[in-house]
Amino acid sequence: MNILISSTSGEPIYAQIVAQIRQLILQGELVSGTPLPSIRQLAKELQISVITTKRAYEELEREGLINSIVGKGSFVSGADQEFIKEQRLRMLELKLKEIIDESRMLGLNYAELTDMLKLLYEEEQE
Amino acid sequence: MSDCIRLDHLHKSYGHFQLQDISLGVKEGYITGLIGPNGAGKTTLIKMIMGMVHPDQGEIQLFGLDHKEHLPANKDRIGYVSDENIYYEQLTVKQMKKVIAPFYSRWDEDTYGKYQELFKLSPGKKIKDLSKGMKVKFSLAIALSHGADLLIMDEPTSGLDPVFRRELLDLLTEHIQDERKSIIFSTHNTTDLDRIADYIVFINDGRIVFHEMKEALAEKYLLVKGGKELLDRDVRRLFLGIRESAHGFEGLIQNRSEGERYLKETAICETPSLEEIMYFSVKGSDIRV
Amino acid sequence: MYNSLYLIRKDLILVQKFMLLLIPYYLVMGYTNFDGYTLFALFPAMILLINSCTLDVQQNNQKFLISLPVPRQQLVLAKYLAILPYGLVSLVCTMLLYLVAFLSGRTTGPLAWRELALCLAAFPLLASFYLPLYYWLGRKGTQVVNFVFIMLIMLSVSAASKLVEWLPGLSHWVSTGKTDSILLPVIAGLGYVLVLFCSYLISLRVFAAKDI
Chain C
1 MNILISSTSG EPIYAQIVAQ IRQLILQGEL VSGTPLPSIR QLAKELQISV
51 ITTKRAYEEL EREGLINSIV GKGSFVSGAD QEFIKEQRLR MLELKLKEII
101 DESRMLGLNY AELTDMLKLL YEEEQE
Chain E
1 MSDCIRLDHL HKSYGHFQLQ DISLGVKEGY ITGLIGPNGA GKTTLIKMIM
51 GMVHPDQGEI QLFGLDHKEH LPANKDRIGY VSDENIYYEQ LTVKQMKKVI
101 APFYSRWDED TYGKYQELFK LSPGKKIKDL SKGMKVKFSL AIALSHGADL
151 LIMDEPTSGL DPVFRRELLD LLTEHIQDER KSIIFSTHNT TDLDRIADYI
201 VFINDGRIVF HEMKEALAEK YLLVKGGKEL LDRDVRRLFL GIRESAHGFE
251 GLIQNRSEGE RYLKETAICE TPSLEEIMYF SVKGSDIRV
Chain L
1 MYNSLYLIRK DLILVQKFML LLIPYYLVMG YTNFDGYTLF ALFPAMILLI
51 NSCTLDVQQN NQKFLISLPV PRQQLVLAKY LAILPYGLVS LVCTMLLYLV
101 AFLSGRTTGP LAWRELALCL AAFPLLASFY LPLYYWLGRK GTQVVNFVFI
151 MLIMLSVSAA SKLVEWLPGL SHWVSTGKTD SILLPVIAGL GYVLVLFCSY
201 LISLRVFAAK DI
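Chains as they are written, first to last, in the working numbering: chain C, 1 to 126; chain E, 1 to 289; chain L, 1 to 212.
By construction, these hints were calculated from the structure, which means they are not laboratory data. All C-beta atoms, glycine included, are put in the ideal place defined by N, C-alpha and C. Warning: the hint list may mix true and false statements.
[Stated by the list, open to error] Between beta-carbon pairs, the in silico distance windows are:
#1 L:P185 <-> E:H9: 54 to 62 Å
#2 C:E29 <-> E:K68: 50 to 58 Å
#3 C:G10 <-> E:E167: 26 to 34 Å
#4 L:K210 <-> E:L65: 21 to 29 Å
So here's chain C without its partners, still in its complex pose (with noise of 0.2 Å):
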């Protein structure tokens, strides 16, 4: 499992944990059941805090894709494929966002749009 922490960023430390943890579990990288480091090790490991470790897997806990048990540490969570597909439709759609912000400042109107995305998408599948 890799993390990387940015501390020039200006991202908030637990975010990035978050952000990471996440993109990994959705990207089918973790699969349920997979144990995370404990919060202490992971704090080791990433030369920070352990209360921000323990944020960011409170985080995660709230967001239903890992559980916390009490003695035994962090698990991915054994959310079924219809949860996570809908989590990950949920980034989708968050970077389409974003997309469609850059286009507006760039002054590219919908059909535009559509063409550019219609002709990298066959693009890709050749």
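Starting from the known structure of chain C, fit chains E and L onto it as the hints suggest.
Below, chains E and L alone, put in the same frame as chain C:
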């Protein structure tokens, strides 16, 4: 979650210097950083915890036990790293270790051997011939070799090179893998150890300015940079400390949400670093004096 | 209790190098001034005590001592108990000196053990004045106290012989081993113990209240 150190309304006058009404609970299982400028009272505070300096007023509890009554037993559970060399300079590393070891009920020779090797401490070398960094390493080796539940370190990183400072982070985070072990360290160099600190105690001029979870600081404080025309009287009142230059100002606001509400549109709003919080707080208190 | 022993061991480790210098010096000095050799018995013990005390305050070593899981009372007690080994060193040194002098024909008489005992007994008494001052004056004052006490030891040789002259009972005991009354030595002995004990209490009180 219990406190491994409890300070209750401590006072100490020291000639021209005063520590005033220090109340503090240091959480068990976590790393607490004691920050503040030189002469703020960090060392005096640590000396009181170590029983070296007697408070004029107030109570100290360690591990839930009254400090006066249980001082020796409490110190048996403390690994102490002083800000200066406290060992006998004319003795060798080996002799000094031999002097220290029997006093600790949980002294572990193997652990000491491990650190001696890790830190490349030559047993035959005299303490006085060790470099400043090596003296700190020796001190650390001792502190980590008797199963201490609490590590107390006074400015441990001064004299250490950047490489070892990083290694120290590993040693300390390793130490608190056991959830019952705690660390408190002091530093005036905030970029040092604060990345692993869970709690920050900021002390200035003999008083505690704040004691916060480091995680919460970012949500509490706001660093604002902008043009000087923004600084009318009402806006000024928001700031804890301001630094003005010919090209604009930079200042710290303690109430983040309020600050953002007023200034988000017109100025640059950032999350301050610990150093910035320290700088502007000290500066602000100077102005008000 | 073990702590006090470890503390004494610490002192002995610290002074061991110094001892190696001190003993030959003492033997040479004692041999050349052999007339009052028993009076010199005070010298090694007192110097060792002063040395070990000075080493404790030289750098920040008192801070080290207080960082140890040992009550302050034991730190003080150990300094008083260390009087015994230092006295022993003195005794051995003096016997050695006598042996060398006897074998080399410098003296033919028996060991003046009563004089020696008296001198050795003077050491704890001197220490009981030294230690409270040492704890009271701390790092800076120690140098002055040391100087005064070293002068005292130098003077003590003549002072002690005067003292013996002043107290006829004492000089009688030294020369014959007989006493006129039982009461006097008992009172002297009790006074002696009282002085030591008070000294210890004063040192403890002073040191316990100190900020290091």
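Item checked: Outcome of range test on Cβ distance (G10 (chain C), E167 (chain E); 26 to 34 Å) -> Holds, at about 28 Å.
Note to self: Given a hint of 21 to 29 Å, does the C-beta separation of K210 (chain L) and L65 (chain E) actually sit inside it?
What the structure shows: With Cβ atoms ~23 Å apart, the hint holds.
Check: Does the hinted range 50 to 58 Å hold for E29 (chain C) and K68 (chain E) at CB?
Finding: Taking Cβ atoms as reference, E29 (chain C) and K68 (chain E) lie about 56 Å apart, which means the hint holds.
Next item on the list: May I ask you to test the hint 54 to 62 Å on the CB atoms belonging to P185 (chain L) and H9 (chain E)?
Entry: Holds: the Cβ-Cβ distance is about 56 Å, inside 54 to 62 Å.
Hint compliance for this structure: every hint is met.
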